[in-house]
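Sequence order for the protein chains is V, W, H and F.
The opening position of the first sequence corresponds to residue 1 in this note's numbering, with each subsequent residue numbered one higher.
The opening position of the second sequence corresponds to residue 1 in this note's numbering, with each subsequent residue numbered one higher.
The opening position of the third sequence corresponds to residue 1 in this note's numbering, with each subsequent residue numbered one higher.
The opening position of the fourth sequence corresponds to residue 1 in this note's numbering, with each subsequent residue numbered one higher.
Honestly, the hints are just simulated from the structure, not real lab data.
Careful: at least some of the hints might be erroneous.
Cross-link-like lysine to aspartate or glutamate pairs, in silico, DMTMM-like; alpha carbons within 20 angstroms at most [claimed, not checked]:
1) W:215 x W:279
2) W:215 x W:284
3) W:302 x H:24
4) V:47 x V:186
5) V:215 x V:317
6) V:302 x F:205
7) V:215 x V:186
8) V:302 x F:316
9) V:253 x V:183
10) W:302 x W:284
11) V:302 x F:279
12) V:181 x V:163
13) V:252 x W:317
14) V:215 x V:324
15) V:302 x F:332
16) W:253 x W:183
17) W:302 x H:21
18) H:280 x H:24
19) W:302 x H:305
20) V:181 x V:21
21) W:252 x V:279
22) W:181 x W:199
23) V:302 x F:305
24) H:280 x H:71
25) W:302 x H:316
26) V:181 x V:324
27) W:252 x W:204
28) V:252 x V:183
29) W:302 x H:308
30) W:302 x W:279
31) V:253 x V:305
32) W:215 x W:186
33) V:302 x V:279
34) V:253 x V:324
Computed beta-carbon distance windows for the label pairs [as the list claims (entries may be wrong)]:
35) V:190 x H:310: 56 to 64 angstroms
36) W:219 x H:44: 27 to 35 angstroms
37) V:203 x F:255: 45 to 53 angstroms
38) V:284 x W:219: 44 to 52 angstroms
39) H:46 x W:223: 26 to 34 angstroms
40) F:334 x V:180: 29 to 37 angstroms
Virtual Cβ for every residue (Gly too), placed ideally from N, Cα, C.
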Amino acid sequence: MSELTLAQALNRALDTALSSDDRVILLGEDIGRAGGVFRITDGLRQKHGERRVYDTPVAESGIAGAAFGLAVGGMRPVAEIQFMGFSYPAYDQIINHISRIRNRSAHRFSAPLVIRIPYGGGIGAAEHHSESMEAIYAHIPGLKVVVPSTPRDAKGLLLAAIEDPDPVIVLEPIRLYRAVKEEVPDIYYTEDIGPVRLERSGSDVTLISWGAMMKETRRAANALQSQGVSVEVLDVRTLSPLDRSGISSSVKKTGRAVIVHEAPLTGGFGGEVAASIQERCLYELLAPVQRVTGWDTIFPLKRSEAHYLPSVDRIVDAATRTLEG
Amino acid sequence: MSELTLAQALNRALDTALSSDDRVILLGEDIGRAGGVFRITDGLRQKHGERRVYDTPVAESGIAGAAFGLAVGGMRPVAEIQFMGFSYPAYDQIINHISRIRNRSAHRFSAPLVIRIPYGGGIGAAEHHSESMEAIYAHIPGLKVVVPSTPRDAKGLLLAAIEDPDPVIVLEPIRLYRAVKEEVPDIYYTEDIGPVRLERSGSDVTLISWGAMMKETRRAANALQSQGVSVEVLDVRTLSPLDRSGISSSVKKTGRAVIVHEAPLTGGFGGEVAASIQERCLYELLAPVQRVTGWDTIFPLKRSEAHYLPSVDRIVDAATRTLEG
Amino acid sequence: MFSLINPDGSVVERLPISVQETRELYAQMVEARAYDRKSMAMQRQGRLATYASFRGQEAAQIGAGAALRSDDWVVATYRDAALNWAAGYPWRLLMAGRTGDERGGRLPTSVNVLPPSITVGGHMIHAVGIAWAERLAGRDRVVLTSFGDGATSEGDFHEAMNFAAVYETPTVFLCQNNGYAISYPVSEQTRAETIAAKASGYGMEGVRVDGNDVAATLVATREAVARAREGGGPTLIEAVTYRMAAHTTADDPGRYREDSETEMWEERDPLLRVRLLLEKAGEWTEEWQAELDTRAEQVIEEAVEWAEALPEPSFDEMLNRMYLEPTDALLEQMDGAVE
Amino acid sequence: MFSLINPDGSVVERLPISVQETRELYAQMVEARAYDRKSMAMQRQGRLATYASFRGQEAAQIGAGAALRSDDWVVATYRDAALNWAAGYPWRLLMAGRTGDERGGRLPTSVNVLPPSITVGGHMIHAVGIAWAERLAGRDRVVLTSFGDGATSEGDFHEAMNFAAVYETPTVFLCQNNGYAISYPVSEQTRAETIAAKASGYGMEGVRVDGNDVAATLVATREAVARAREGGGPTLIEAVTYRMAAHTTADDPGRYREDSETEMWEERDPLLRVRLLLEKAGEWTEEWQAELDTRAEQVIEEAVEWAEALPEPSFDEMLNRMYLEPTDALLEQMDGAVE
Ligand SMILES: Cc1ncc(C[n+]2csc(CCOP(=O)(O)OP(=O)(O)O)c2C)c(N)n1
Ligand SMILES: Cc1ncc(C[n+]2csc(CCOP(=O)(O)OP(=O)(O)O)c2C)c(N)n1
Ligand SMILES: [Mg+2]
Ligand SMILES: [Mg+2]
């Protein structure tokens, strides 16, 4: 066990993967010499060599497409896209090739690869550096999408993603990279892709979130709890495949749900979660499922960031509304 | 008035726009000499000249990006992407530039342009030629997305899109291009971007759909009606901005809703619609909002197409379930 | 432009391939053309989904295919059935794909060919990644990727060329310049004199070859393959050829090209010149041609029968192809499905 | 490589620009450097969001900017503040942008410069589209787009270059090759000898110029602009320069380059050589320098004050910037907002 930040846990996961599986190679912009803009690959090129950790040209479609080829050719590539806002040039490769080769070849070929994408705001970054467009990935058949929010999950889910026989997008919450430390096993271990993690049990309302917004969600849970509300908290962790039964069994119990995400409301993945809840639990619902999300705007620049990010107050407020409903 | 197919109505809209506004120019692959793979631009280059209707290299990002520049430079470009499956290379231009220049420049610049994208299956086409990924566009702030399902709407919405001061994606349902004819005014007219169209009034259940699936939805409404069910049918027409009040006022009345779309279930835009309905009408809902959608699979090749497309039976079935619920 | 056999069957210089090899190449082109002919007929009868004819491009495809070792890779397009077949893709699977059946992409494990790419431009980088993987694994396989003139306009062409050059992957880029991207002539697609000229911007070797000359294409590809295999990195080959038929069966070339152009290319037919060459050498007879034709038709007929006899693809199969193990959502959808 | 002024201030050939013009260029470079210096300081104090220094690249930017007519367009990047300013973008707005305020992008309507592009590669095609629009409108404006060496690896570079050549748009492509894409050296980004060599693959003119030489950059850009204005189509200019500072304030160059390299480039400083040149001509004095410095600092200080005095951006403003008219959803969100 070591006390690690989420960033360090990811670094350890990659280190472990490189050590334990010769087929694993890393590629991405500035991940070699510089160790990545967030230092997630720090030291890995020095330790594992130039033939395991590759700097690439600035060409995201090329990175994803090369990773596809590497995977088809028998490797286990782990690509880094520098920020989610720069992942869109790779979208065509992801949806049209990476997610489809198993289907197109009726299982003859597959693309077991990982694309790591730092996402989300909260660090006052430049334009395009704070995106939360997980919904556009979670909608792609043939792809899996995970979003860890704790150091322990980060290592376990990343290793599971690398092991997975199908392509996995790993979304890394930028503002949680160094926010907390947690005891993380030093050994190789995986966390199952799929199941939500019940983070706190309660009976009045279920708070449902993932990734970066877990921080505000946990704080809101504390605030509500101190007001005497019994709160259940779910960390969804995997957006695709979505653990609908895990979510609905909680909401069946509490009768109330608040979904929290940072992406804009309209078309955000919270819509899927809310739709699934009412499909499965309508008769148990005591109030409408609430969504606390980013506004229907582009993520703003630094001076307006606080206007955009869902606050603890907004979550508490929404939960309170479900209790009044 | 002329009896026109949806394809012809689009052609007339473009013709009218080219005639009435010098700033309008068309660009896209094979839209000039060949008149487009679906012949939507048939005859327009001959009529309006080479400086109004441009064939482009096979480069979708380039097409979208050039359209952006043309719009910023004062033109009103209407770009065609040949099939939705080939729109993904343009996704970066659409989300990072086209939808953002107004925000980035605090209204100094804007990108009043239209991107026409044929979408949807049902014609036994090759891979990537049957996509229904409207959700990835409807989630983009700063963008509008319309989906006509009738010839009259097609002309009016396309002209409204060309007039609009902001960028608009026009999704054209391939399998409705030539499916029906309708009286369409010969004059210049627009249909408002935004409001849903109430296609049929009823009191038991609301069927909600858009674009290509309107055909099956209308048939299902007929079938249900003949079983004595009073059906209300909404053609959403505009996915962004979404007419939530139009939808919820119908569902408040009927207490039951079935959403129909062709895209895969998970992360499809039906999630947004269902979530919004339960937010606004939970206490009026007599049964869970049902979604009848494509499966969570890649759109299959010809021989499996019937397995994939939501059928009239599935819609009737879902409606019946809401009536039992 | 590098060429060896003139349209009239005379040779530019002594052929570096044997008569036996030339006969074999000819036989393959005949077989490929039979496939093309059959596919066109089936398409008209509504038995195929869509079909993109390669008539006129047989030399480029068969010549390039012949330059490969049986374990080399091919990453090609919807128009490359002849090339894919030359690299081991069975006709029956190619045909199954065209009927609209994903099972057509389930290649035998001994064959290193990807199912044809339908998107234009996206697949070339795959050939770079695979070649990279082969080198990392310490194997000396080469990866050939084929694409059209139109594909060179896509950004993905640029990124693939650059990655291949930067990482010195054993990739051969074969551009079949057949004059058109659907209706858009190559003369308008780019202001470069040739497609081959684009190689230098990547510090890559570029060669231009008569793509209707099977010997020239073979020799040029062989050189590129040898260089790649020996660690000399990638090459761009532009094979100049012509699409004799419509783009696909949905296209009407009358809208954008003159019949006279097509007729001129008819004279440069890739099969004709080899027949003439062999005839002059006393190696072609009408009987042999009849034999080739009969055998080709029979082989293709068998492929058609096989493809059309495949059982109806099931609903569950469709859902089961998404992941190695279906997700809960897919299992639920299989259970609850009212189709 | 085209150059006019040597690092020691001697001239390669008689300068085609006047002394007065040279003094003016020097003054502009001094002012730009003051902005850069101030920005670096503010970033360290946490007063800016992020900052990408252009120190070392003043000649390339000021030289190119000086080649433009006041109504020409500029479409450039996060590193191009000096160029943007030279084309009319007020310091105060550039500074407001860096503090993290969208209002920094609200240029005066008389200025045809786009807010700096943050994505690498995506903006060049915009310069093609704008130039195309200008020609369609019958105007003779030229559009200059600036980008780095790293951007030439993006597919969008390829598509932009090709569209510009195909449609013969009046676009000037200025690549500031500053040696690195963050940590990745240009020598690894491509196997081409030069960036300028990439032009020929598009049938475009390519020129290579000493980007630390303000006169050479000005002259080369002027030629390209003139050709574009006269309908001669686009040009690619590679301005060879060096990024003296870290990529941004979050970067640590010690991880990927030697101090000795940076020191070598210090000797090729773009301001120094012009100072030496003017000094030799009796046109530079310490007093003048002091005057320039003082004025520059004052101008920049005013810009900072203006930017920092902007009222807090409101919540409604954020929502109101999405469309010309806010949608119902946005209006609802404004009404119901609990921030
Ligand atoms: C990304 C993408 N854009 C557009 C298309 C539609 N399309 C299919 S083939 C084709 C032309 C391709 O021309 P070329 O590369 O020369 O190949 P050819 O068909 O001539 O063999 C186009 C535009 C596509 N399949 N993929
Ligand atoms: C599409 C995209 N990918 C990645 C990035 C992250 N990034 C910012 S600057 C940069 C390097 C760009 O290098 P270059 O084009 O040489 O410009 P320079 O910074 O040297 O001026 C990268 C990779 C980005 N902004 N956009
Ligand atoms: Mg072609
Ligand atoms: Mg650079």
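Comparing the hints with the structure gives:
Distance hint between residue 215 (chain W) and residue 279 (chain W) is unfulfilled; the C-alpha atoms sit about 28 angstroms from each other, more than 20 angstroms. Restraint check for residue 215 (chain W) and residue 284 (chain W): not satisfied, since their Cα atoms lie roughly 28 angstroms apart, outside the 20 angstroms limit. Restraint check for residue 302 (chain W) and residue 24 (chain H): not satisfied, since their Cα atoms lie roughly 36 angstroms apart, outside the 20 angstroms limit. Distance restraint check for residue 47 (chain V) and residue 186 (chain V): the Cα-Cα separation of roughly 17 angstroms lies within the 20 angstroms cut-off, and the hinted pair is therefore satisfied.
Between residue 215 (chain V) and residue 317 (chain V) the alpha-carbon distance is near 16 angstroms, which keeps this suggested pair within the 20 angstroms criterion. Proposed proximity of residue 302 (chain V) and residue 205 (chain F) is contradicted: the alpha carbons are some 41 angstroms apart, above 20 angstroms. With a C-alpha separation of about 25 angstroms, the suggested pair residue 215 (chain V) and residue 186 (chain V) falls outside the 20 angstroms cut-off, and the hint is violated. With a C-alpha separation of about 16 angstroms, the suggested pairing of residue 302 (chain V) with residue 316 (chain F) holds against the 20 angstroms cut-off.
Note on residue 253 (chain V) and residue 183 (chain V): the hinted pairing is violated, with a Cα-Cα distance of about 31 angstroms set against a maximum of 20 angstroms. Distance hint between residue 302 (chain W) and residue 284 (chain W) is unfulfilled; the C-alpha atoms sit about 42 angstroms from each other, more than 20 angstroms. A C-alpha spacing of about 44 angstroms is found between residue 302 (chain V) and residue 279 (chain F), which places the hinted pair above 20 angstroms, so the restraint is violated. With a CA separation close to 25 angstroms, the supplied pair residue 181 (chain V) and residue 163 (chain V) exceeds the 20 angstroms bound.
Between residue 252 (chain V) and residue 317 (chain W) the CA atoms are separated by roughly 25 angstroms; this puts the pair beyond 20 angstroms, and the hint is violated. Annotation: proposed proximity of residue 215 (chain V) to residue 324 (chain V) is violated, straight-line Cα distance about 25 angstroms (limit 20 angstroms). In summary, the hint linking residue 302 (chain V) to residue 332 (chain F) is not supported, as the alpha carbons are separated by about 24 angstroms, beyond the 20 angstroms threshold. The hinted pair formed by residue 253 (chain W) and residue 183 (chain W) fails the criterion: a straight-line CA distance of about 31 angstroms is larger than 20 angstroms.
For the hint linking residue 302 (chain W) to residue 21 (chain H), the alpha-carbon distance of about 39 angstroms lies beyond 20 angstroms, and the restraint is violated. At most 20 angstroms may separate the alpha-carbon atoms for a hinted pair to count; residue 280 (chain H) and residue 24 (chain H) meet this at roughly 17 angstroms. In summary, the hint linking residue 302 (chain W) to residue 305 (chain H) is supported, as the alpha carbons are separated by about 18 angstroms, within the 20 angstroms threshold. A hinted pair counts as satisfied when its Cα atoms are at most 20 angstroms apart, and residue 181 (chain V) with residue 21 (chain V) does not qualify at roughly 27 angstroms.
A threshold of 20 angstroms between alpha carbons decides the hint, and for residue 252 (chain W) with residue 279 (chain V) the separation of about 17 angstroms falls inside it, so the pair holds. Restraint check for residue 181 (chain W) and residue 199 (chain W): satisfied, since their Cα atoms lie roughly 16 angstroms apart, inside the 20 angstroms limit. Distance hint between residue 302 (chain V) and residue 305 (chain F) is fulfilled; the C-alpha atoms sit about 18 angstroms from each other, no more than 20 angstroms. Taken as a hint, the residue 280 (chain H) and residue 71 (chain H) pair is broken in the structure, with Cα atoms around 35 angstroms apart against an allowance of 20 angstroms.
A threshold of 20 angstroms between alpha carbons decides the hint, and for residue 302 (chain W) with residue 316 (chain H) the separation of about 16 angstroms falls inside it, so the pair holds. A hinted pair counts as satisfied when its Cα atoms are at most 20 angstroms apart, and residue 181 (chain V) with residue 324 (chain V) does not qualify at roughly 36 angstroms. Distance check on the hinted pair: residue 252 (chain W) and residue 204 (chain W) sit about 11 angstroms apart at the alpha-carbon level, within 20 angstroms; holds. Between residue 252 (chain V) and residue 183 (chain V) the alpha-carbon distance is near 33 angstroms, which puts this suggested pair outside the 20 angstroms criterion.
Taking the CA atoms of residue 302 (chain W) and residue 308 (chain H), the gap is about 13 angstroms. The hint holds against a cut of 20 angstroms. Simply put, residue 302 (chain W) and residue 279 (chain W) have alpha-carbon atoms about 39 angstroms apart, too far for the 20 angstroms limit, and the pair is violated. For the hint linking residue 253 (chain V) to residue 305 (chain V), the alpha-carbon distance of about 36 angstroms lies beyond 20 angstroms, and the restraint is violated. Taken as a hint, the residue 215 (chain W) and residue 186 (chain W) pair is broken in the structure, with Cα atoms around 25 angstroms apart against an allowance of 20 angstroms.
Distance hint between residue 302 (chain V) and residue 279 (chain V) is unfulfilled; the C-alpha atoms sit about 39 angstroms from each other, more than 20 angstroms. Using a Cα cut-off of 20 angstroms, the hinted pair residue 253 (chain V) and residue 324 (chain V) holds, with the two alpha carbons roughly 17 angstroms apart. Residue 190 (chain V) and residue 310 (chain H) have their C-beta atoms about 38 angstroms apart, which leaves the hinted 56 to 64 angstroms range violated. For the pair residue 219 (chain W) and residue 44 (chain H), the supplied restraint of 27 to 35 angstroms holds, since their beta-carbon distance comes to about 31 angstroms.
For the pair residue 203 (chain V) and residue 255 (chain F), the supplied restraint of 45 to 53 angstroms holds, since their beta-carbon distance comes to about 52 angstroms. As the Cβ distance of residue 284 (chain V) to residue 219 (chain W) is approximately 34 angstroms, the hint placing it in 44 to 52 angstroms is violated. Our hint of 26 to 34 angstroms for residue 46 (chain H) and residue 223 (chain W) holds, since their Cβ atoms are close to 29 angstroms apart. Between residue 334 (chain F) and residue 180 (chain V), the C-beta spacing of about 34 angstroms keeps the proposed range 29 to 37 angstroms intact.
Hints 1, 2, 3, 6, 7, 9, 10, 11, 12, 13, 14, 15, 16, 17, 20, 24, 26, 28, 30, 31, 32, 33, 35, 38 from the list above are not met by this structure, while the remaining hints are.
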